[in-house]
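Asker: Chain order of the listed sequences is S and P.
Sequential numbering of the first sequence, starting at 0, is according to numbering that gives the first Met the number 0.
Sequential numbering of the second sequence, starting at 0, is according to numbering that gives the first Met the number 0.
Since the hints were derived computationally from the structure, they do not count as laboratory data.
Fair warning: there could be bad hints in the mix.
As the list claims (entries may be wrong) - Looking from chain S toward chain P, a few residues come up when the C-beta cut is under 8 Å (computed):
id, residue
1, Cys36
2, Ala41
3, Phe62
4, Thr84
5, Ala98
6, Gln120
7, Arg131
8, His168
9, Ala177
10, Leu178
All C-beta atoms in this analysis are idealised placements derived from N, C-alpha and C, irrespective of residue type, glycine included.
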Amino acid sequence: MKNATLPPLTFLREPGAAPDPAGLAEVQDIVRACMQCGTCTASCPNAHAMDLTPRRMWRMLLFGLFEEVFQSRTFWLCSACYTCTLRCPRGLPLTAAMAALKRLAAAGDDAANRKKALFYQEFMRNVEKNGRVQETGLMFHYFLAMRDPLLPLEYTPLGLKLLRKGKLHFGGGGQRGALAPLFGKVREMEARP
Amino acid sequence: MKYAYYPGCSLETSAMEYDVSCRRSLERLGAELADIPGWTCCGASAVEPVSRLLTFALPARNLALAERETAGLDLLVPCSACYLNHLRVGRECAADRALPGRINEALSVEGLHYAGKTRVRHLLDVLSADVGAEAVAAAVRRPLEGLTVAPYYGCQALRPYPLFDDPEHPRSMTPLIEALGATVLPWDLGGHCCGASLMATKKEAALVSVAAILAGAEGADAIVTVCPMCQMNLEAYQREALKAGGHGNPVSVLYLTQLLGLAFGLSEESVLLHKNLAVTGALTDKLRACAAAEA
Numbered sequence: 000m001k002n003a004t005l006p007p008l009t010f011l012r013e014p015g016a017a018p019d020p021a022g023l024a025e026v027q028d029i030v031r032a033c034m035q036c037g038t039c040t041a042s043c044p045n046a047h048a049m050d051l052t053p054r055r056m057w058r059m060l061l062f063g064l065f066e067e068v069f070q071s072r073t074f075w076l077c078s079a080c081y082t083c084t085l086r087c088p089r090g091l092p093l094t095a096a097m098a099a100l101k102r103l104a105a106a107g108d109d110a111a112n113r114k115k116a117l118f119y120q121e122f123m124r125n126v127e128k129n130g131r132v133q134e135t136g137l138m139f140h141y142f143l144a145m146r147d148p149l150l151p152l153e154y155t156p157l158g159l160k161l162l163r164k165g166k167l168h169f170g171g172g173g174q175r176g177a178l179a180p181l182f183g184k185v186r187e188m189e190a191r192p
Numbered sequence: 000m001k002y003a004y005y006p007g008c009s010l011e012t013s014a015m016e017y018d019v020s021c022r023r024s025l026e027r028l029g030a031e032l033a034d035i036p037g038w039t040c041c042g043a044s045a046v047e048p049v050s051r052l053l054t055f056a057l058p059a060r061n062l063a064l065a066e067r068e069t070a071g072l073d074l075l076v077p078c079s080a081c082y083l084n085h086l087r088v089g090r091e092c093a094a095d096r097a098l099p100g101r102i103n104e105a106l107s108v109e110g111l112h113y114a115g116k117t118r119v120r121h122l123l124d125v126l127s128a129d130v131g132a133e134a135v136a137a138a139v140r141r142p143l144e145g146l147t148v149a150p151y152y153g154c155q156a157l158r159p160y161p162l163f164d165d166p167e168h169p170r171s172m173t174p175l176i177e178a179l180g181a182t183v184l185p186w187d188l189g190g191h192c193c194g195a196s197l198m199a200t201k202k203e204a205a206l207v208s209v210a211a212i213l214a215g216a217e218g219a220d221a222i223v224t225v226c227p228m229c230q231m232n233l234e235a236y237q238r239e240a241l242k243a244g245g246h247g248n249p250v251s252v253l254y255l256t257q258l259l260g261l262a263f264g265l266s267e268e269s270v271l272l273h274k275n276l277a278v279t280g281a282l283t284d285k286l287r288a289c290a291a292a293e294a
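Full structure from sequences and hints, please.
Answerer: Structure follows, in structure tokens:
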């Protein structure tokens, strides 16, 4: 059940590198026209759990306060509901900016951030291997990667419910390995300077 | 009416009742579905935080297969995350002129080509625009009289591309539910995020959203959904969310297509109602009363 033979799923850069300057410049470009109206913050269903409001974070990015931004949990709390993107009076794709920050943080050298990216990384590792995502295997590998013995307990009631309903499936579906060539090619393309 | 059909990974496993009820209720409505051979995962909401190119290449692979295998058909997608991922490829290619070339360079490894010819449609779009409430009403064998339903739209069927509904005040389900003989609960949480994959990464935050939605659905016999992620968050974490939120009552959560199927006279087994994680006794009593009235 180990995935040791697969290369790391950090597509951006070598693990351990500082956030990619070109990537940071791209996110800055996305929010360059922000006029600090705060519609994004007022619209965000998860703002209550964030340490920086989205409005404040965009400004900090433009000021180059990258370290502060990457130490915040704000962008990890984006659930991609697209309400801010829909309502932004400047028409800025703010949900895409949140995802770009997740990518940059995952490729940076901060261990806490790399851990927060593990769910997405394990998800895509599962897709690469199985062609179609196998939810049961995904959660299993996610728990292993998180190395937190208490985490699986939080999801045990759900696991038991799904088991009773015949919804837990181990093993691959019919497309195992089908995405290996595409993943390989994308990895090669994104590694180009 | 014929469509290429992309069920997506969840509908093969944890959301099998969505897949089965979707196929069976669409059959009753005279819509034909053609499966795309060899389809693969679209990356769901996990791909964008990992790779920008893969965000487009994964759904483009399915679209390229659809262009080759089911040419000329619209692609019907019941899962909102899959819908948005496939829809976004064409939208982003129109905005970023370098993107189609990069996507096709990636797809060339399998000899596939994406030309952007397939129109991507959410199931709800097809039901409300192509099928229509009148045809739905004509297929009803067992009116759901006395049932109050809260339509839950979620996020990605509505936003960021408002193609078939008002993304701030969605209402495309209202005529469909009324066509079944049921009553629509007036509420304003139909487009409020359920937390999506935060349920795996930041559970406390997602539970707040689920609790708010459940509290807003007070008075409904059932919430109906059009997305396996919304369905899972609202049904599987219901007890935890009610505890965290401090108020609200257990409520049944069904896929819209299960409700359609039941009104069309399909049995509870036939729409796999036994696979749902939140079905109250009060709902099954009402459903059985509707069935008895028909007989």
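Asker: Could you run down the list of hints and mark each one as holding or not?
Answerer: Cross-check of the supplied hints:
no.: 1; hint: Cys36; verdict: violated, 17 Å
no.: 2; hint: Ala41; verdict: violated, 13 Å
no.: 3; hint: Phe62; verdict: violated, 24 Å
no.: 4; hint: Thr84; verdict: holds, 4 Å
no.: 5; hint: Ala98; verdict: holds, 4 Å
no.: 6; hint: Gln120; verdict: holds, 6 Å
no.: 7; hint: Arg131; verdict: holds, 4 Å
no.: 8; hint: His168; verdict: holds, 5 Å
no.: 9; hint: Ala177; verdict: holds, 6 Å
no.: 10; hint: Leu178; verdict: holds, 5 Å
Hints 1, 2 and 3 from the list above are not met by this structure, while the remaining hints are.
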